[in-house]
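Work out the full structure: start from the sequences and follow the hints.
Residue numbers (our numbering), protein chains in the order written: chain B, 1 to 334; chain G, 1 to 258.
Rather than coming from a laboratory, the hints here were simulated on the basis of the structure.
The beta carbon of each residue, even a glycine, is placed where N, CA and C say it ideally should be.
Among the hints, erroneous ones may be present.
As the list claims (entries may be wrong) - From chain B, some residues computed to sit far from chain G (all C-beta separations above 12 Å): (1) Leu34; (2) Gly139; (3) Asp212; (4) Leu215; (5) Gly217.
Stated by the list, open to error - Derived list of chain B stretches under chain G, where covered just means 3 residues or more per stretch with a C-beta under 8 Å from a C-beta of chain G: (6) 89-98; (7) 219-232.
Said to hold, decoys possible - If the Cβ cut is set under 8 Å, some of the chain B residues that face chain G in the computed set are: (8) Arg57; (9) Arg209; (10) Leu216; (11) Ala265; (12) Gly269; (13) Phe317.
Given next are the chains, with one letter for each unit.
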Amino acid sequence: MSGSRTLAALPAWPRLPGIGLGLAAAGGLALIWLLAGFGGGQWQAPDWNDPIVRQLRLPRIVNALLVGAALAMSGAALQALFRNPLADPGLIGTSSGAALGVIGVIALGIGGLSVPLAAFGGGLAVTALILLLNRLLQGGQAGLLIIGVVVGACCGAMVSLLLFLSDDLTLRGAMSWLSGSLAEARFAEHGYVLPVMALGAATLLLVARDLDCLLLGDDTARSLGVQVGRTRTLTAVGAALLAGGAVTLSGIIGFVGMMVPNAIALLGGGTRRQLMLWSAWVGALFLLLIDTLGRELAYPVDLPAGVMAAFAGPVFFLWLFRRLQGGRHARPRL
Amino acid sequence: MRAPAFELDHIAVHAGARCLFSARQLHIPAGSLCAIIGPNGAGKTTLLRALAGFHGDCHGHSLGQPLRAGQPRPLAWVGQHEGADSPLCVADYVMLGRRPQLGWLGRSSAADQQAVARALDSMALPGLAGQRLATLSGGERQRAAIARALAQDTPLMLLDEPCNHLDIRHQQLLLRQLQQLARQGRTLVCVLHELQLAANFADWLLLVADGELVAQGRPDAVLHGDLLSQVYRWPIRAERQPVSGRWQLDVYGHGAVA
Numbered sequence: 001m002s003g004s005r006t007l008a009a010l011p012a013w014p015r016l017p018g019i020g021l022g023l024a025a026a027g028g029l030a031l032i033w034l035l036a037g038f039g040g041g042q043w044q045a046p047d048w049n050d051p052i053v054r055q056l057r058l059p060r061i062v063n064a065l066l067v068g069a070a071l072a073m074s075g076a077a078l079q080a081l082f083r084n085p086l087a088d089p090g091l092i093g094t095s096s097g098a099a100l101g102v103i104g105v106i107a108l109g110i111g112g113l114s115v116p117l118a119a120f121g122g123g124l125a126v127t128a129l130i131l132l133l134n135r136l137l138q139g140g141q142a143g144l145l146i147i148g149v150v151v152g153a154c155c156g157a158m159v160s161l162l163l164f165l166s167d168d169l170t171l172r173g174a175m176s177w178l179s180g181s182l183a184e185a186r187f188a189e190h191g192y193v194l195p196v197m198a199l200g201a202a203t204l205l206l207v208a209r210d211l212d213c214l215l216l217g218d219d220t221a222r223s224l225g226v227q228v229g230r231t232r233t234l235t236a237v238g239a240a241l242l243a244g245g246a247v248t249l250s251g252i253i254g255f256v257g258m259m260v261p262n263a264i265a266l267l268g269g270g271t272r273r274q275l276m277l278w279s280a281w282v283g284a285l286f287l288l289l290i291d292t293l294g295r296e297l298a299y300p301v302d303l304p305a306g307v308m309a310a311f312a313g314p315v316f317f318l319w320l321f322r323r324l325q326g327g328r329h330a331r332p333r334l
Numbered sequence: 001m002r003a004p005a006f007e008l009d010h011i012a013v014h015a016g017a018r019c020l021f022s023a024r025q026l027h028i029p030a031g032s033l034c035a036i037i038g039p040n041g042a043g044k045t046t047l048l049r050a051l052a053g054f055h056g057d058c059h060g061h062s063l064g065q066p067l068r069a070g071q072p073r074p075l076a077w078v079g080q081h082e083g084a085d086s087p088l089c090v091a092d093y094v095m096l097g098r099r100p101q102l103g104w105l106g107r108s109s110a111a112d113q114q115a116v117a118r119a120l121d122s123m124a125l126p127g128l129a130g131q132r133l134a135t136l137s138g139g140e141r142q143r144a145a146i147a148r149a150l151a152q153d154t155p156l157m158l159l160d161e162p163c164n165h166l167d168i169r170h171q172q173l174l175l176r177q178l179q180q181l182a183r184q185g186r187t188l189v190c191v192l193h194e195l196q197l198a199a200n201f202a203d204w205l206l207l208v209a210d211g212e213l214v215a216q217g218r219p220d221a222v223l224h225g226d227l228l229s230q231v232y233r234w235p236i237r238a239e240r241q242p243v244s245g246r247w248q249l250d251v252y253g254h255g256a257v258a
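Below, the structure is given as structure tokens:
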């Protein structure tokens, strides 16, 4: 077969995602409109001029979309970085560092804007510490994983100690933040966080092709001209910026960064750039969906999105386990 | 006359104070299919990775150019079990071979698409272009990995145990394809465990043992029963069939060679 004839057969892949993209965008917008209509235990068509919708529900929707997209996108990048389908932003210390920062300022009795700032600063500081230690120890990919787990455990121990020493009021405030709620952030906070998230997303999209190469092994990536160490650092920094922005807005929400990219990789596959973008869109809609369920299921109790995501986690793991047992055609791909 | 693929005065790989591999005067002719053979733990992959510039020190020339530490070498590398967990389709995977040519935004040109199509053609993979890599058989995935390396369009290709986990038919098919690529002018260096395959397909052999280069040259110069028995510590008989010209390597006896 000649080269040009083969080429004619190739563009099957670029065309299909175009149609899929249109369908996903239209379906997603319809879902957002549908979910925006839930409030007070019932549904009615959303009136965008209603102050409750504009000042409470809309910021919460934007919050869910931003946090879901950021967590899922950083998870998609980290799963390639660690070559592990169970990787999520917790592995580079962002969540544990943010938790330590927030519990620290709450324990000190400082409130207001310092809480999200402590979350962001704590998350990035611990990620930077992990990267620095890995560089000093020349640990490579395995070292980054081990140091991430160890430093995360240390942060967890310090959080436990602070909680143990805290009074009931501090404990209550800390627990509400640790549960991960989307109800607090307003448009003003989105304005601060959005540029940071955009920078993180742009960084990840730029290294996406290098992550595809890195998944083939360090040696193959090097032979393809990838600067392996630089790609690892940029990926960790980009993922930390995204996840740091997310914890600033919502507190700690687990599982989304692990579940969504795995589901996308299993169902659609594709290049890392495609996986990241699809994960961001699906993650955004997924978090909005479970947050709406959390608002309405036990109304008037507003269940935190972090708790809802944690309930969805085991269901997902069961599904993943069944797929793993389904043979090599159903193996989860990074 | 073409410059040799590798003409090294000295090669050494250390892990801390321990020497993993060292050799003097290593030669690999251009346009050959070279197999690195030797027992387990002899240093075959260590040598291959050193030739690729991934570790160790190499002093000498490659394709007429002096080798410099830290400088990228014009070669394609095919690792073991490459792409087994990748979510890419075959066409996207082969396109990764064009990464050095793509801009920082990673957009592929018509020339890149043509190179990918040619690589798929030469490995008889066009029908699988849209299929997920992880769903291919071991043999198909190995061919896809070589297509990815071909798309890189480099004169040198280094393969780490390309026949691992392939059945007899796929081993034969793969090595024929590698032979064909060598006849087209590329130099292929691969680690092979199967002596019989190395003897009958490679036109240059590097025999290594205990972190040293024991012998190098055409199969006639390397495949001596006494030498192989000594290196593998097991009695081995190596004979070339007078009619077919094919090598026959057998083990005999019941005891290890001291």
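**Request:** State the violated hints by number, sorted upward, taking the hints as numbered earlier in the document.
**Result:** Hints 3, 4, 5, 6, 8, 13 not satisfied by this model.
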